[in-house]
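Chemist: The hints should help you fit chain X onto chain F, whose structure is shown.
Chains F and X supply the protein sequences, listed in that same order.
So the first sequence is numbered by the numbering used here: it starts at 713 and just counts up by one.
So the second sequence is numbered by the numbering used here: it starts at 17 and just counts up by one.
Honestly, I wouldn't trust all of these hints.
Unchecked claim - Where chain F lies over chain X, by a calculated footprint (3+ residues, C-beta under 8 Å):
(1) 33-39
(2) 211-219
(3) 358-371
What the hints assert, rightly or not - Heads up, simulated SDA-like pairs for lysine to any residue below, C-alpha to C-alpha not over 20 Å straight-line:
(4) X:Lys364 - F:Met1007
(5) X:Lys219 - F:Met1007
(6) X:Lys203 - X:Gln285
(7) F:Lys748 - X:Asp152
(8) X:Lys69 - X:Glu316
(9) F:Lys850 - X:Glu49
These aren't lab readings, by the way, just hints derived from the structure by calculation.
Just so you know, even glycine gets a beta-carbon here, dropped at the ideal spot from N, CA and C.
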Amino acid sequence: MAALTGSIFFNIILSIIGVMAVFTINALFAVWLERKVSAHIQLRLGPMEVGFHGAIQSAADGIKLIGKEIITPQGVDKKLFPLAPYLVFFPSLLMFVVIPFSEKLQVQDLNIGLLYFFSISCIATIGIFMAGWASNNKYSLMGAVRSIAQSIAYEIPIILSILGVIIIAQSLKLSDIVARQDIWFLVLQPVAFIIYIIAAIAELNRTPFDIPEAESELVAGFHTEYSGMRFAIFFMAEYTNMFLVAAMATTLFLGGWRGPILPPVVWFFIKTYAIVFLIIWVRWAFPRLRPDQLMNFCWKFLIPLALLNLLVTTFVLKLF
Amino acid sequence: MDTVKEIKKDFFINMGPQHPSTHGVLRVVLNVEGERVLSSETVLGYAHRGVEKMAESKTYVQMMPVMDRFDYVSSMLFEWGYVGAMERALGIKIPERAEYIRVIMGELNRIASHLLWVGAFLLDLGAFTPFLWVFDARERIMDMFEEVTGQRMTNNYFRVGGVKDDLTPQFMKMLDEFLKMIRERMKDTEELIESIIFLERVKDIGFITKEDVVNYSLTGPVARGSGVSYDLRKNEPYSVYDKIDFEVPLGEKGDCYDRYKVRMKEVIQSVRIVEQALNLLPEGPYAEKAPKVIKLPEGEYYNAVETSRGLLGVYLQSDGSTKPARFKLRDPAFSNLSILDKLLPGNKISDVVAILGSIDVVIPEIDR
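The shape of chain F in the complex, shown without the other chains:
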């Protein structure tokens, strides 16, 4: 047993199990949380029947979706159509690798962790475009085109906003970044935090930036033709990305796992779900932007602001 615990093989297995567990439980919990929070914002109760206050409602929904027939409509691209959901889904799993849940609880502490995280997240866009293109549906195609334009635009402010953090922390290693936060970077980089959250919501394709799947215009956008488990995979990827974005915000701006009294992992999840709650709250409070307004907001406001923030950060660091 002792030999086994130390082996690389054992570590890999353990990591996969751990990531899958966090992934599954988060997907179930986040969906339930979203439904409950939105319900209370909207003067209703939300799921109440299955389990305590509907706690296992999302599990029941998942089982229902697994049981559904997998429909491949006529005229779709036979190879790309089934592949696309997985190309959206696997990057989310891979991104878990660098998330530092606590000092020791991390799959792999890469020294370019931050770069890795944001590079992997870009792959999902290819999957979304693939889904839109392969569906052979005009609404899907419009959604996919919108998604590409939006992702390219909003990657830039995200990277620019975290550059400020990198400059202060002087490392791309996530454990280092957390270790240097004796004062939260939220205090040192408030503008960067706001830019990050806005751009991250846009990356997640959530209201008010959900133009790729704008349901009142494009029916369901890029996943119009998907149903059953394939749709569920898109759905799970969305909620996993929400968790990942929040986890990254926690790591970069809210001091990661650090906190008094409670164990580090608990602190990490409290902070992460606070951000998740914020993202949900924003979704249910605002209408959707128009695509051209979305682009204008990014190129004419967010990116200049992020550049200015970067400039000021560099100056201040040089002076003091």
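Modeler: For chain X alone, kept in the frame of chain F given last:
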């Protein structure tokens, strides 16, 4: 290069007849270039039932419940138009209490209709929460209708000579509670809705000029949003509207925002009307004796009322029998929709749903 241009020019998006934001089975064929709409064509008829022809084989009374099924969100206002035409033909003067009951029910129906519109409009723009906020208020109106008429929608409450039943004490209690909460709810909802994103979305799109209003014979909030003061309740007061004090809210520019604002203000005006009608409500009978078998004297009869979408005209031609010889509606949503193809070109796809939503159409009324 030319072929590429040709292809680009012929990219059609077929919005509807099954689409989340065409409010039923309306079909709009959009010719788009990227996100921009080059031209559009509105296709009707997916819910056509031939009701106007059907009316010729039904007695006058049998036609009553069908009136509910045109504009099912403000059904009592449609009943009012039809019943009014028959009363005009028979020369029946209805009791004053019945008039006030009609005003109360009609205005409540107008509030319900506008609330539904606000919710659906915001749903089109991507905000889900206001929909349920206003639906909570609308639900109370539906409960009140159920209490008095026995139905939540398609009430079939109006009768020749009055109304079907008197208002109940329970209804009065519910109405009282509703009037207490509605103003605050409207204020809260307005605060929730009018975020900067909403204003960016609806301001300065879908302009309707005053000339357009006249040329396309637009009525209701769509006309008033463009600053045309035409409200039948004010211009040619029917029933007891001349005894009630209310304003006709007007827009200035005629964009989607003005049409939204006019409807929000009209809800408050309707609340004022209900409050006044409640104070003026006299004691007495709620219905006049009407003939058992209704036979209209030979001739042509027309009656117009202001529904929540605009002017409704009911035209009846009688040959003296128990069935109308000809039945024709001049309904507001059909005329209002006619301007859509003029408004859409040049806008983005996202604006299409905003503009279509701001016109406020109910398909069974258009397709009858």
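Chemist: Run every hint past the structure and note whether it holds.
Modeler: Hint by hint, here is what the structure shows:
With 3 residues having a beta carbon nearer than 8 Å to a beta carbon of chain F, the stretch 33-39 of chain X meets the requirement of three or more and the stated coverage holds. Coverage of the stretch 211-219 of chain X by chain F holds in this model, with 5 residues showing a Cβ closer than 8 Å to a Cβ of that chain against a need of three. Coverage of a stretch by a chain is defined here by at least three residues with a beta carbon nearer than 8 Å to that chain's beta carbons; for the stretch 358-371 of chain X and chain F the count is 6, and the condition holds. Pair hint X:Lys364 plus F:Met1007 holds up; C-alpha atoms about 14 Å apart against a cutoff of 20 Å.
Our distance criterion of 20 Å between C-alpha atoms is met by X:Lys219 and F:Met1007, whose separation comes to about 18 Å. For the hint pairing X:Lys203 with X:Gln285, the CA-to-CA distance comes to about 14 Å; that is within 20 Å, so the pair holds. A distance of roughly 18 Å separates the Cα atoms of F:Lys748 and X:Asp152; the hinted pair therefore holds under the 20 Å criterion. Of the pairs offered as hints, the one joining X:Lys69 and X:Glu316 holds, with about 17 Å between alpha carbons and a cut-off of 20 Å not exceeded.
Straight-line distance between C-alpha atoms of F:Lys850 and X:Glu49 comes to about 13 Å, which keeps the hinted pair within the 20 Å bound.
Checked against the numbered hints above, the structure breaks none of them.
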